[in-house]
Structure formats: C-alpha cells, structure tokens
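Asks: Residue numbers (the working numbering), protein chains in the order written: chain A, 1072 to 1420; chain B, 15 to 827; chain C, 3 to 201.
One or more of the hints may lead you astray.
Straight-line C-alpha distance at most 25 Å; calculated DSS-like pairs for lysine-lysine [said to hold, decoys possible]: (1) B:LYS391 - A:LYS1134; (2) C:LYS171 - B:LYS417; (3) C:LYS171 - B:LYS456; (4) B:LYS430 - C:LYS171; (5) C:LYS121 - B:LYS487; (6) B:LYS466 - C:LYS85; (7) C:LYS106 - B:LYS466; (8) B:LYS417 - B:LYS487; (9) A:LYS1075 - C:LYS85.
Calculated from the structure, these hints are not laboratory results.
Note that the structure is predicted; figures quoted are calculated from it, not measured.
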Amino acid sequence: MAFKIASSPHVTQNLHTSTVMQRVILCLLPGLVVQCAFFGWGTLVQVLLAIIVALSAEAAVMKLRNRSIKASLSDNSAMLTAILIGVAIPPLAPWWMIVIGTTFAIIVVKHLYGGLGHNLFNPAMAAYVLLLISFPVQMTTWIAPSTVVMHSPSVLDSLQLIFNIGAHVNMDQFRLGIDGVAMATPLDTLKTDLSMGLTRTESMTKAIFDGATGVGWFWVNLAYLGGGLVLLKLKAIRWHISTGVLAGLFVASSVGFLLSPDTQGSPLFHLFSGATMLAAFFIATDPVTAATSPRGRIIFGALIGVLVYIIRTQGGYPDAFAFAVLLANLCAPFIDYYVRPRSYGHSTS
Amino acid sequence: MLTLLDQLDKGTLWRSHGGIHPPEVKFLSNGTPIAKLPLAKTYLVPVPQVGENCTLAVKVGDTVLKGTPLTQGNSIWHLPVHAPTSGTIVAIEPRVSNHASALPVNTCVIEADGKDTWCELVPNELDSLSHQQIIDKIHHSGVAGMGGAAFPSHIKLNPASEIDLVIINGVECEPYISSDDRLMREYSQNILAGIGIIYRLLTPKRIVIAIEDNKPEAIKAMQVAVAQSALPAGSVRVTVIPTKYPSGGEKQLIQIITGREVPSGAIPAKLGIVVHNVGTAFAIYQAVVQGKPLVERVVTVTGKNVGKPGNYWIPIGTPVAHVLAETEFKPDPEQKIIIGGPMMGHALANIHVPILKGTNCVLVPSNQEIDTTPDEKACIRCGECANVCPALLLPQQLFWHAKAEEYDKAATFNLKDCIECGCCSYVCPSDIPLVEYYRIAKSALKQAADEKQQAERAKQRFEARLARLEEEKLAREAKAREAAERRQATMTGTDKNAVAEAMARIAAKKAAVQASDNTANVVTTAELKDAPQGKAAVAAAIARAKAKKAAAANAEDSDTSNVVTVKVSDAPSSPTGAISQDEPLSQKDKVAAAIARAKAKKAAQQTDKAQLETTDTADTADNASELTAADDKKAKVAAAVARAKAKKAAQQAETKTEDSLSQTTTTEAESTSYTLGEVNADAAIDDAEAIKKAKVAAAVARAKAKKAAQAVLTTAEPNTASKVEVEPELESVEDSQTQSSLALPSAKETVDSVATGSLADVQSAKPTSEPIETASLSSDELKKARIAATIAKAKAKKAAQEAHASSDSSVND
Amino acid sequence: MSTILIAVILLTLLALVFGVLLGFAALKFKVEGNPIVDELEAILPQTQCGQCGYPGCRPYAQAIANGDKVNKCPPGGTATMEKLADLMGVEPEPLNAEAQSQVKKVAFIREDECIGCTKCIQACPVDAIIGAGKLMHTVLTTDCTGCDLCVEPCPVDCIDMLPVTQNLKNWNWRLNAIPVTLLQETGDKETMLEEDKRC
C-alpha cells in the first residue's frame, strides 16, 4: 500500500466538460424539432451527416496527434459543433457542403489551433462563413416554411436532394410559396424589398411574414430561446453573453427603428428572425472563444448584438451572426486585457 | 445611515463573492464528546515550530516533564515549544515534517515515560496581572493560531494600531472538520473566559463570535455563555452566518461581518480588526488562567476509513501513525491521508509525522468517499472558477500564465491575493488542479523576489566595498606621504638607509597597487616574509640591505624588486611574524602546517613556472639521503614523509613530463646542492629546538610536495589526487614526531629501509624522486628556521626567474 | 513663382516650429546617463563574480550596452541571457560557460581548517565573509552570492560551495518530486498498520 499525494482540494464537484456539452446538446433539441417541423427532414439529415463527419474527423486528428481518441470523443464537443453546423446551413444543401464545412471546423479551426480550449474562433461559425463565401447561392437558398409552402419535401425528397440522386426532384419547387412565388428567408426578403424601394410595412404584407416576424422562424427562435433558458437554469451557461447579445441587438435595432421605422426592421423582427436565439444561447456562449470575465462577457455579447444589427442592415448578407461572432472572437483577448474584475482588497482604480 | 457598530449589533451580514457548497460530512465526527487517546511511545516535536531564532533548551538524554519548554529565544517572533508529555529526549535530529513537502525538519524525539507528569503550573489570578504580564504568559505558553495558520497569538494581541472589532472565528467551513464545533459545545465558558482576556488586552468596541448556521448546538452554547459572561452587555455577540465555503477565511469573514475588504498585502489590523479562532481563545484561557502551555489540542479524526471517528485531545507532537492506530484505521491499498480539511489540507506521504499546533483534522477517506483526482483535461474557459473565486480573481487567466511559466504575467493578475481555498479546482469541469499550479507559481515568484532582493543587496554591498577600498587606498597614500615627510624632516639626510627605505616604501606601495595581480611578485614577497622568522635583527639587516638595493632598482624600472623591498622593510616593524620560535609547540605546528599548505597552493597556481619549481624541489635529492642517514630522529620524520611520497610517486609514474623532469633533476641538482651543503655545515644541532622545528619543516615539506605534485600533473585532473596525498602525509609526520622523541629502536630500521628506498629512487632518475627529496629538505631545515627560510627564498626567486633576485639571496646568506 | 515662394516659406516655418519643439523636448526630457545600462544591470544577478571578464556586474552591463555579447553570465543562467537578449534586441545564444549547474550555491568555510589568513575576505566582492587575521572566518549565507571568488584564494582549500538546500520556506511545491513510500518496505515501524489490515 502507498500513500497518495495530491494537491488540495481533494474533492471536486461532479460536473465535467462532457456533461456540460451534453446539456447544451439536449437543450438544442427543442429548436431542432421545431426547425424540422417547419423546414422538413433536411435539417435532421444534415445534423446526422455532420455528426458522423465531425466524429470521424476528430478521431482521425486524435490518431494523428497520438492522443486518446476516446477521451476526445467523449467530451461531446465535436458533436456539439456538428449539430450547430447542421442546424445553421440550409436544410436541402448538398451533402458535400456539410462535409466540407464540418471537416474544416474540426480539423482547421479547432485542431490546427491546438484542439479543444485553444481555438481562437468558433468552429461552427468559421465553417459557416467558409461555406457562405464559397457557395453563396446554395447557402442562401432556404426552402419556405411548411405552413406557407406549396410542396413540402418528404424524407425521400430531402435525401435525394441532399445526396443529389434522382433528377426528378427540383430544389426550386420547395421554395415556392402558396402564391406560387419563390420565397426567400424573411431577412432576405425584407432586405431585397427595402433595396427595391418598398417600405417596411409594404414588405411585411408578403406571405413569408405574419405581421411582425417571419412565418415559422418565430417559432424556431422561440424554441431555441426556451432551450437557452433551460441551459441558464442548469448553469451550463451563464447569463452574461446571451443577455449581452440580445440587449445589444435590441438596443441597436430600437434606435434604428425609432429613427427610421420605414426602412428598418422592428426590434421584435430582429430578435426573432434568422439565427438570433440560436446564436445568443448556443453559439456566442461557446466559452472557449468568448471573453472570460463576467463584465467582459457582457461587452462581448453586446458587441455581437450590435455587429449583427449593423451587418444585417448595412451589409451584403441577410444574416450576420457568423460574421459577428467571428469578429467578436477576434476582440475577445483585447476585451480580456482591458476588462479585469477588481480583485478582493484592491481599490477600484 | 447606520454606523458599522449598529450594523454589527443588528447582525447585518454582507455577501462575500463566490464560494461553494461542498457536501457536509461533519456528522461523521461531531456526534461524540471530545475524547482522549492513550499515550504514544514517542513524540516528535519539531523545533522550532514558529519563528526561526531560538536555541535548544534541552539536549539529548535530558528528562523533561510535560510542559517543559524545549526552546528558548529572545525574539518576539520566537514561540516556545513545550514537551507534550514527561519522558526522555532520545534524539534531536531531522525528521520528516508534517508539511506538504515532507522535507525533514529538526525534531526533538521524546520517549514518553508513561506518567505524563506536568511540570509545575502556576495558576494566575487574572486581575493581578498587568497587560504585559498577560501577553508574556501567552507568549511563553507558545499559543499560536489554532485555525491552521499557527501565527503567534501574542503578536496579534499586541497590535500597533487601535482595534475596534475582534472577530472570534468559529465558522469552521471545511466540510469534514468539527473540532471547533465540539470545543464550543463543551468548553463555551472557558472560551468566553479567553475572549474576556482578549477583550481586556485589546479593548475593542465589539467582539463578534461568528458561527456558521450548520452548528446549532455550538451557537446555542455560545449564546448561553455570552449571556452569563461578566463582560459589558452588548460588547460581545454571537453572529450566525450562512454556511458557505470559504466563509471561515479571515478575509472572507471580515467581509461577511463588516462588508469591508482587507487591502491587498495588508493585515486586518489596518482596518482595526483582529480575528482569533475559538481554539486560540481557549488556549489563551488555559495559558493565562491555568498557566498551562499549549501542549495539546482538539483534532478531528474522521473519514470512512477510521473506525472511531470523532474529536480527540491530542498532545502536540503525537505521531499521526499513533493517532490512526488508536482510532482503528483501515487503510485502502491506495490511501490518502489528509491533514486539515478536504479543501485545503495537504496529503501526507509519511504518517510518522507529528500533530502540530495548527493541525485541526486528520482525514482518512475511503476511495469511494474521495475519489482519485481524474486526469487534467483542456481548459474550456468556462469561467466557473471566476464565478466561485472569493478573491475575485480570474483563475483561468492565472492558470494559463502559470502553466506557461509566465509567472510575472500571472502576478499582474494578482496571483498573490489567491488564498488557495480550492473553490476553483472544486468547480473546474476539466479537473485541472488549479491550486497546485498557483502554488508552484507563487513559490517561483517568491523565489524570484528573494533573488531580486538579494541581488539588490549584493549590489549595495559591492558598491560599499568599492567605496571603502578607495577610501583605504587614499588614506594609505596620505599616511605614507606624511611619514616620508616627517622622516625627511627629522633625519635631514644623515641616515641614508632610513631615507632610502622610506622612499623605497612609498614608491613600492604605488607599484604594489599596480602590480598586485602579478603572481610572481606575490610569491616572492610571501616567501620573504618567512625570512625574518628567526630573528628580527637579522631580518632588519636584510631589510636594510634590500632597501638599498631596491632603492637603486627603483631608480631603474623593476616593479618586482620594489615590492620585495617594501615587504622586507616592513617586517622588522612587526616582530610577531607568522612563525615565532618562542610560541608553544602545538600552535606553531598548526601555523606551520598552514603555511605549508599556503605555499603549496601558491605554487600550484604558478603553472607556467611549474617545471622550474619541480626541479627546485628535486635538486635537494642528494643531500636528502645523506642527512637522513646522519640524524636518526629527524630521519624518522623524513622517512615517514618519504613513505607518503613514495605512494604518491607511484601514482605519478605515468605522467607525460616524466622524461623532461628526470633530466632537469640531474642538471639542477648540482647547482643547489652547493647551497644546501653550506647550510648543513652551518647548522647547530639543538635537539629540543629541532623537534619543534621538525614540524615546521615537515609542513614546508608537505607544501613542496604539493607544489611538485601539481607541477608534474599539469592538467587539472590530478589536483584532487595530490590534495588527498597531503592529508595522510600530515598524519604520518606527526606520528613520527611522537616516535622520534621516544627514540624507538625500531625507528632505525624504518629509516634505513626508507633511506635506501629513496636513494634507489633518486638513482633511477624518475620523476618519482622529487617527493623524497622534499622530505630530505625537511630534515635539512630542522637546524634553523632561518636557513630554511633562505632556501625558500632562493627558490622563490628562481621561480620568479629574476636574475638579480638570486644574487640578492646569496647576499643575505 | 509665388506658389514656390509660399511653399518655401511654409516649409521654413514648419522647420522652425519643429526645430523649436525638438529643442524644447531635448531640454525637457533630458535623460542623464545611459538608461539601458541601468536596465541591463537590473537584470544581472549581481553576484559580482567576474566570470564575464569584467570586474562586477555594472561594468558588464556597460559592456553589453557597448555591444558585448549577452551570454557571458553563468550565474544568471539561460533565463538572464534571454532577458538581456530581449532587452538588447539580439538573438539569444547559448551560454559561453557550460551550464555546470544552475543550482544556487553558497560558500561554506570549514571552520576548524581555517587559518585566518583573510585572503577570502579580501576576495569577497560583497563583504559576505567575516573574520579577522588569525581568527576563524565564516560566511554570511544570506549575503553570499555564490560567486566562487573566495575558493581560489584560500591557501588551505577550506571553502566549499554548497548548494542551497530546500526548506519549508523555499520549497517549490513540486509534489511529484516527493518520493512515495511503500509501507511494506519500511519494516517494523509499520507493524501497526500491518496489524490494522487484519481488522
């Protein structure tokens, strides 16, 4: 027998990285379900495909790095990245896009920077941006929500479209609304309409909108919000970043809306369109790439919110969370450097 | 707006940041009254425990009674250590310490006699004591902080500043420990008496006894005691605080009770606050009222692997092994033994370590209870650590810098304010041992700071030294100038010698400064210093002669001769030279030996002249053998030396200088044999004197031997070998010395054989011959120290390779 | 023509203004001495050992400022060399002396062998040796810089350089360095525990 030596403390609580990741994944599920309900089985197929690719890529890199494959896969971080990419890209995007995106996220963004905990950028968002600037057409071709679409894609349709087999299925038919006009996402629609000289209220009369927000997208965001609140309750994430993002977006869009209600989307529209809630609770809260101190995290979140608003209204892309998150990632070390909490026994200066 | 005192009276609590709620396991040990354990066979009392400056008051073999002080010291920082039981001190030696490092510390080992007899205790009437007397009592009873830090209590009770608030810490936030809990339940009256003493010493406006709300019985007991106490109403109150780790930390407790923060790097007294543990209050009561020194304390022995968990009165110094044996310890194959609580305690590598004044718990958990720490995983920067940090630090930033060993950057994140409470490690989802990283970083920072400080001090001392040397130099010059002037004035040129001398000295001193690094010169002067050993008069004469010569030489250019002159002329003025014949034998012997070694060392340094030196020593060979045969007694000495040399010679046999040496030996031998022969002729034989001088000579011989040896082995590696040789030599010389005075018959035989041996060696013309020749030189010098000195001088001159120097020596002769 | 004239006048005025500014700054922010030497000296370990070939740390700092190499300080070790290289903006290079041991040492005089020659006292650059002629000397360990300079002059070789031992105060918290004791190996002392195993 021998006496074990270890540094204090000798007890730890039983909450490990894998558990935290697991909780985040579980809280993503409601959003995923609602998204599938509105946009068909494509999203689920994409998520499953992404998971397979991500885990294989992770295992391959771990093998190359001579690390424990099991330990790495069991921390669930690769799976979370995969799910985030899966829900972020258009449901009927071709299979090779998600493969490229996920492989890039795991191998380049995560492991070339040193693996979990060392990556500078959010892997899912970096992959999204890569796909967006490489394949802008496919990445902006969202199908219409099931409630307003002429034909909803079946499982078979989705698989055929994603894996590009069977020529009789055409992507465009799932984009046609009940009025027979091809539909874009609410954000895209509004942007196009405003650029064409329509006012916001005129644009809002289109079928894709139900008064204030986009059809379907509202519920998807609401589901992610619900999941996010559970996460907060479980203490898997802290409130600082999410609040920062939502507050930043809300304040910025309110100011814009008050100044120019005809050419700007309402705060409600911004908060419940696109990837707002998904990003606020599940993407921006990735601790690895965020600022570290509580105050720094609020600033980090607010920065994302403001950036999203600016890019949505002024930039060339309809949604902007990927860009905003990456830009904020870049600022995180800077924020950390200047925003430090006052330590016990130190004066505020 | 309420004042702080009003808030205190109301029991207002403030929030301290962070903290955790680890599962409480106090129920294991807090159910039973404090018990006593049987005496151990041996006690291990580290000396000193607190404070460095002390002397031992006992020695091995002393019998001590329980409470006898083991150390004594004058410093205010010294805290006496007392014998925990009666018995005998069997050893005072380094033993493994009860410290995370397990480094050995000086420990008094006391073997108990089993009687446990107290020394004489003097109970005191509190009212009759002055403040200083009370503080002295507490000091001499060795009372230290019982919460774990073991800070000397008398210092905290005698602060420089005004104290407004005393907090009595009964929080005990570590999840397993219940020693303070039991103490408060069972000895609340005595604790209150101790608090009364603290009140009297510090006269604070309020005393707050802080207890966590998970100890209702203790709270009740203390409230009753407070109600019954004679202290002014309202001055003492019990404040119940919510259970949260680490509320018991001094800084956190102050924040919770007063809402104020102790400034970084300062002590609470700066805020007018002092915190004492309840255990300390009890110890103060015992020390002052009962006169009992601090020799035992309450220790919680707990954990699932202990058969009888509970609280025990354990004498300080009791080995942990004994405590565990008496409490039915059932070890797991991989057992962790923790001193202190699970959050801040350290694990022991060895259980034969003592219970100390600050040891409040021995925790022996089962492996299910406290798991092996899982492997460290990557930090995901989740920030949980920052959320729980009671010091409001950014633990993960500290971790990144500590791991990268960028300790200075870690310091900028206020690493020094970390209290090592372990909350960050507790919540870390990646199982990173953060506290360990901080401790390593802290110790590295401390070391760097120490080094910086030492460098600064070294610089100051270096500069001070330079300034001093400069000053001395100026003073010396001024003095010399003055002396010269005075002499010139008084002697008006009638005594030419004196004037010349003075002038030479002044000139030489200047030269000496310039030429101080010239080894050859130094050697010369040193050798010459030996010259006046014999008679001051002779030396003076030599000096005069030299002075004249040197004055002349000075006019020309030689630095060396200047130095020579100066040293020699100085010699008469200090008749107590390094070697005086009148001095007792032993002293002289020692001095001689030292000189011998000195010469040897010097010679070794002159590597460039090594060859020549060797031949110098060697050339006395012929005379050596003759003399050995001539004088039995002295021969004996020589023989002994020769034996030692012979050994050495064998080792040196394969040196590469072999051939050249043997050649020089033969050639040089003739030239010096002349001088030596002359010396021998002059020598007057005085036995008593001779024996004395024998030692001197032997020493010189050794020196020469060393010189020779080092010359032969010109490379660095044989240095050690020759040094080793010198030692046995010394012994053999002394042995033979004793023998020679007894004139043993067997001596002759040895002499003969050795003499033959040495002769044979000489004839074979090997390098091995020089040591033996040196030996003969010693017997040579037995006659007169002066002659010996002359020889030495001659050699030195030769060594310096100065043509006129050698002529000097012949003049002196 | 006039445009050229204006340009010339303007430039002259500008030159004047900047000249005055520079002159003022030179007076206002005047730096006494060479600050780099002070910075370099602050990095050096102040052992004053002379192993760099200069009589003390400040002369070496001056030498570095004048372009000498940064790798001549064995007591400072690689860490000091890197800091010096960093400050001087030169490439770090390996120490000239083989890093015989980076362990900090202090001199120790074997006192019964000391003859009281005072040679080491004279050699000590920081006056860390006390003693008088023919009386025993001893080293103030707190002030000894471990420079080795006293070892050579000692005529009787009674000075040792001993590594500084670890104690509870300067322990570095490397828990892994603590040897783990296996109880079976330590024999009779552990019988207590062996007995307990039966329970």
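Asks: Would the hint linking LYS417 of chain B and LYS487 of chain B be met if the CA-CA limit is 25 Å?
Replies: violated, 53 Å
Asks: LYS391 of chain B and LYS1134 of chain A were given as a pair; does the straight-line alpha-carbon distance stay at or below 25 Å?
Replies: Since the Cα atoms of LYS391 of chain B and LYS1134 of chain A sit roughly 17 Å apart, the hinted pair holds (cutoff 25 Å).
Asks: Does the structure keep LYS171 of chain C and LYS417 of chain B at a Cα separation of 25 Å or less?
Replies: Holds - the C-alpha atoms of LYS417 of chain B and LYS171 of chain C are around 22 Å apart, at most 25 Å.
Asks: Are the Cα positions of LYS1075 of chain A and LYS85 of chain C separated by 25 Å at most?
Replies: violated, 39 Å
Asks: Holds or violated: LYS171 of chain C with LYS456 of chain B, Cα cutoff 25 Å?
Replies: holds, 12 Å
Asks: Starting from LYS121 of chain C, check that the Cα of LYS487 of chain B is at most 25 Å away, please.
Replies: holds, 17 Å
Asks: Assess, step by step, whether the Cα of LYS430 of chain B is no farther than 25 Å from the Cα of LYS171 of chain C, and give holds or violated.
Replies: holds, 16 Å
Asks: Please verify whether LYS466 of chain B and LYS85 of chain C have alpha carbons no more than 25 Å apart.
Replies: Judged against 25 Å, a Cα distance of about 14 Å means the pair holds.
Asks: If you draw a straight line from the CA of LYS106 of chain C to the CA of LYS466 of chain B, is it 25 Å or shorter?
Replies: holds, 14 Å
The earlier numbered hints that this structure contradicts are 8 and 9.
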